[in-house]
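S.K.: Listed below, chain by chain, are the residues.
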Amino acid sequence: MADLVGTAPASAFPATSSSGALLTIEGLTVDFSGVRVLRGIDLTLSRGESLGIVGESGSGKSVTWLATLGLLPRTANVSGSVQLDGQEMLGVAASRLDRIRGGRVAMIFQDPSSALNPVIRIGKQVGEVLARHQGVSGANIRAETKRLFDLVGLPDAARRFDAYPHELSGGQNQRVMIAMALAGKPDVLVADEPTTALDATIQAQILDLLTTIRRETGMALVLISHDLGVVSETCERIMVMYGGRVVEAAPSDSIFANPQHPYTQGLLAALPPFDGALHRLIPIEGQVPEPANMPPGCPFAPRCAQRMTVCKETIPPLTQTEAGHFSACIAGAVTEARQSLKVHKSVLA
Amino acid sequence: MTENILELHGISRTYSTRQGLFGRKVPVHAVDEVSLSLQPGQTLALVGESGSGKSTTGRIALGLELPNSGHVLFRGAELPPAHTSAWRRMRTHMQMIYQDPLAVLDRRLSILDQVREPLDIHDIGSASERNNKALAMLDAVGLNANYASSLPHQLSGGQRQRAVLARALIMQPALLVCDEPVSALDVSIQAQVVNLLMDLQKDLRLSLLFISHDLKVVRQVSQRIAVMYLGRIVEYGETNLLLSNPTHPYTKALVSAVPVAGRRTRERIILKGEPPNPADRPTGCAFHPRCPVVRPECVSVSPTFSTLPDGRSVACHAVDAAQPTKEVGI
Ligand SMILES: Nc1ncnc2c1ncn2[C@@H]1O[C@H](COP(=O)(O)OP(=O)(O)OP(=O)(O)O)[C@@H](O)[C@H]1O
Ligand SMILES: Nc1ncnc2c1ncn2[C@@H]1O[C@H](COP(=O)(O)OP(=O)(O)OP(=O)(O)O)[C@@H](O)[C@H]1O
Ligand code: SF4
Ligand code: SF4
Ligand SMILES: [Mg+2]
Ligand SMILES: [Mg+2]
Numbered sequence: 000m001a002d003l004v005g006t007a008p009a010s011a012f013p014a015t016s017s018s019g020a021l022l023t024i025e026g027l028t029v030d031f032s033g034v035r036v037l038r039g040i041d042l043t044l045s046r047g048e049s050l051g052i053v054g055e056s057g058s059g060k061s062v063t064w065l066a067t068l069g070l071l072p073r074t075a076n077v078s079g080s081v082q083l084d085g086q087e088m089l090g091v092a093a094s095r096l097d098r099i100r101g102g103r104v105a106m107i108f109q110d111p112s113s114a115l116n117p118v119i120r121i122g123k124q125v126g127e128v129l130a131r132h133q134g135v136s137g138a139n140i141r142a143e144t145k146r147l148f149d150l151v152g153l154p155d156a157a158r159r160f161d162a163y164p165h166e167l168s169g170g171q172n173q174r175v176m177i178a179m180a181l182a183g184k185p186d187v188l189v190a191d192e193p194t195t196a197l198d199a200t201i202q203a204q205i206l207d208l209l210t211t212i213r214r215e216t217g218m219a220l221v222l223i224s225h226d227l228g229v230v231s232e233t234c235e236r237i238m239v240m241y242g243g244r245v246v247e248a249a250p251s252d253s254i255f256a257n258p259q260h261p262y263t264q265g266l267l268a269a270l271p272p273f274d275g276a277l278h279r280l281i282p283i284e285g286q287v288p289e290p291a292n293m294p295p296g297c298p299f300a301p302r303c304a305q306r307m308t309v310c311k312e313t314i315p316p317l318t319q320t321e322a323g324h325f326s327a328c329i330a331g332a333v334t335e336a337r338q339s340l341k342v343h344k345s346v347l348a
Numbered sequence: 000m001t002e003n004i005l006e007l008h009g010i011s012r013t014y015s016t017r018q019g020l021f022g023r024k025v026p027v028h029a030v031d032e033v034s035l036s037l038q039p040g041q042t043l044a045l046v047g048e049s050g051s052g053k054s055t056t057g058r059i060a061l062g063l064e065l066p067n068s069g070h071v072l073f074r075g076a077e078l079p080p081a082h083t084s085a086w087r088r089m090r091t092h093m094q095m096i097y098q099d100p101l102a103v104l105d106r107r108l109s110i111l112d113q114v115r116e117p118l119d120i121h122d123i124g125s126a127s128e129r130n131n132k133a134l135a136m137l138d139a140v141g142l143n144a145n146y147a148s149s150l151p152h153q154l155s156g157g158q159r160q161r162a163v164l165a166r167a168l169i170m171q172p173a174l175l176v177c178d179e180p181v182s183a184l185d186v187s188i189q190a191q192v193v194n195l196l197m198d199l200q201k202d203l204r205l206s207l208l209f210i211s212h213d214l215k216v217v218r219q220v221s222q223r224i225a226v227m228y229l230g231r232i233v234e235y236g237e238t239n240l241l242l243s244n245p246t247h248p249y250t251k252a253l254v255s256a257v258p259v260a261g262r263r264t265r266e267r268i269i270l271k272g273e274p275p276n277p278a279d280r281p282t283g284c285a286f287h288p289r290c291p292v293v294r295p296e297c298v299s300v301s302p303t304f305s306t307l308p309d310g311r312s313v314a315c316h317a318v319d320a321a322q323p324t325k326e327v328g329i
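Chains as they are written, first to last, in numbering that gives the first Met the number 0: chain R, 0 to 348; chain V, 0 to 329.
Read the hints as simulated data drawn from the structure, not as lab findings. Among these hints, one or two may not hold up.
Taking lysine to any residue pairs in the SDA-like style, the calculated list, with each CA pair at most 20 Å apart, reads [said to hold, decoys possible]:
#	chain 1	residue 1	chain 2	residue 2
1	V	Lys201	R	Ala156
2	V	Lys24	R	His278
3	V	Lys201	R	Glu166
4	V	Lys132	V	His121
5	V	Lys271	V	Pro281
6	V	Lys271	R	Ala156
7	V	Lys24	R	Pro154
8	R	Lys145	V	Asn276
Sample of chain V residues lacking proximity to chain R, with all beta carbon distances greater than 10 Å (derived) [unchecked claim]:
#	residue
9	Gly9
10	Gly47
11	Ala81
12	Asp202
13	Thr282
14	Pro295
These numbers come from a predicted model, not from an experiment. Beta carbons: idealized from backbone N, C-alpha and C, even for Gly.
Pulled out of the complex, with its shape left as it was, chain R reads as follows (with noise of 0.2 Å):
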């Protein structure tokens, strides 16, 4: 179990040889026309697993799993290693991929419009996953389709089956998306964005059902989301990505409790309270970098209070600062970070 996350030199981390490692991605890197937009990223995953990816939009979230299924388009130069199981899926062919995807591993996609095919029913989408990927056939389709949409917590699963997708709400459309991923049974689920479009309630519910499937069956959940109080709630390991690259991983508690990285501080303390005393909000000054413009060291040197001459010449290696804690930072978890965080730890009370 040790070692989950690492972008530090690849002695440091013998990811393959990891028990139970699940999934392993190592010097994951994407091209855009001759633009470098994932800057190689490094990752384990094991059974059972729960992992949080947060970070701005633009920082890379969506096309590291994108890339991890063969999902982007033709134009995207992808390079790196991708293994399940200790069976490499970069670069196989596309019918292998296919049992692999939807059955193996599923995606919940940010934007559900785009992911349901509008001119077919849905209780039919749900159930050509099921008779792929789980040999399901017959009249058990319907029955196993309506116990999915029961389990996602659609209204009146029995008559949605007939609908269109444009029949249902923005918030509807994304729980079939929700039980379409579950209906292969995978063992790892990616869920991007997964509970956007719904209420405080609804994706209560949605995330406590994802958790509960992921300790009953064993699932690797990752789940994908700007809000940091959302993998807070259901992941046991966060990892902060900015400019393409991972800066920050760390055990839950321990990223918020103890956050390293100037950037991931700067999150936390953007976030509004909900306990305690109101406060002004503090942004983060600056934007996020465009990947064409990326500066030369560290990519957050631009935007960060804490910045010393040498971040905007070498770009700082993820490194362990405390059991299974890793920054991407120059300036060291130790003596600056430390005063930092009594300022933040103020602000957040």
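Here the structure of chain R is known, so what remains is to put chain V with the ligands in place on it, guided by the hints.
M.R.: Below, chain V with the ligands without anything else, positioned relative to chain R:
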């Protein structure tokens, strides 16, 4: 007592929708007997279940949509019929901001042109005065002159939302209806826009009707909250009271479900059962199929509002029953 800038009196709005391909038409009660009021310079937040009628209520408040019954008062007067010139004049004092700034901005026009456009349309001041006014407004929302000639797609999400704000504010409206203004933004940009809204409110004495499902943001910006469920208000009162001590079982579940970063302090209430189907509204209290403390009468009798000692209104039989003991305790 200050005069309310906005009052909704018993407004209802029904849509008819077809169920299935050949199904019969079914009425959907999107908004059902909703009454609200907003004081000048204050923020009222509208929260609640998806599909509970928040956006519809916001549109009705601005006269963009007519209620089937009930009426809207703006500064004590009824709204003139939509799209008349009297309505247009009044509308300059009332503006709306939507979730998606790109949908509002014209992608071929520079930011400056778009912010100046309302002044052009209403023919206010000379051309150079209009330009200066628009530049000053851009400056007020934190977009410097460098951005004036930019096209919308050249700006970040937060900058676009700032441009939309500048455009909405250029006619110096008294009332701003914000429909999920920050939900699509990253936390950092969200913080910028929330700060900006609060600054502008202070400087311009803006009144805000703030529609959002993010209770953390609502806590930050509002003095009062109205909680909606299936077209009706179920709880209405001061923000800090509702969030620290919610009374209606739905408000309780909603507040407990707010995802917080770090350790959670409240017990989370996970609702069971189906989310509501607005075309098939449950009898009695619409929340009864999911209510953790449902009572026999809830299935058949619709609860009416009662006022608690702290001034808030709640529509729930369980709260009614608990009322007398509460008052004794005080
Ligand atoms: N098909 C594409 N062609 C070119 N560039 C792309 C493509 N898809 C993504 N990108 C770029 O890759 C970068 C990472 O995008 P990605 O979608 O992974 O961001 P994200 O972290 O998921 O953001 P969000 O929170 O907005 O979903 C962005 O700069 C984006 O513009
Ligand atoms: N033009 C319309 N035609 C038919 N039904 C409509 C129309 N507009 C809204 N509705 C229905 O009225 C109800 C209330 O919708 P509204 O958009 O006001 O909800 P909301 O509270 O803003 O929801 P959300 O949080 O999802 O934005 C919903 O059931 C919706 O499907
Ligand atoms: S490496 Fe330097 S610029 Fe980057 S986050 Fe650390 S202190 Fe800031
Ligand atoms: S009226 Fe009854 S069902 Fe409705 S919220 Fe109150 S207790 Fe629950
Ligand atoms: Mg994305
Ligand atoms: Mg709405």
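S.K.: Hint by hint, note whether the structure agrees.
M.R.: Verification of the supplied hints:
{"no.": "1", "hint": "V/Lys201 with R/Ala156", "verdict": "violated (48 Å)"}
{"no.": "2", "hint": "V/Lys24 with R/His278", "verdict": "violated (50 Å)"}
{"no.": "3", "hint": "V/Lys201 with R/Glu166", "verdict": "violated (43 Å)"}
{"no.": "4", "hint": "V/Lys132 with V/His121", "verdict": "holds (14 Å)"}
{"no.": "5", "hint": "V/Lys271 with V/Pro281", "verdict": "holds (15 Å)"}
{"no.": "6", "hint": "V/Lys271 with R/Ala156", "verdict": "holds (15 Å)"}
{"no.": "7", "hint": "V/Lys24 with R/Pro154", "verdict": "holds (19 Å)"}
{"no.": "8", "hint": "R/Lys145 with V/Asn276", "verdict": "holds (17 Å)"}
{"no.": "9", "hint": "Gly9", "verdict": "holds (25 Å)"}
{"no.": "10", "hint": "Gly47", "verdict": "violated (7 Å)"}
{"no.": "11", "hint": "Ala81", "verdict": "holds (26 Å)"}
{"no.": "12", "hint": "Asp202", "verdict": "holds (15 Å)"}
{"no.": "13", "hint": "Thr282", "verdict": "holds (16 Å)"}
{"no.": "14", "hint": "Pro295", "verdict": "holds (24 Å)"}
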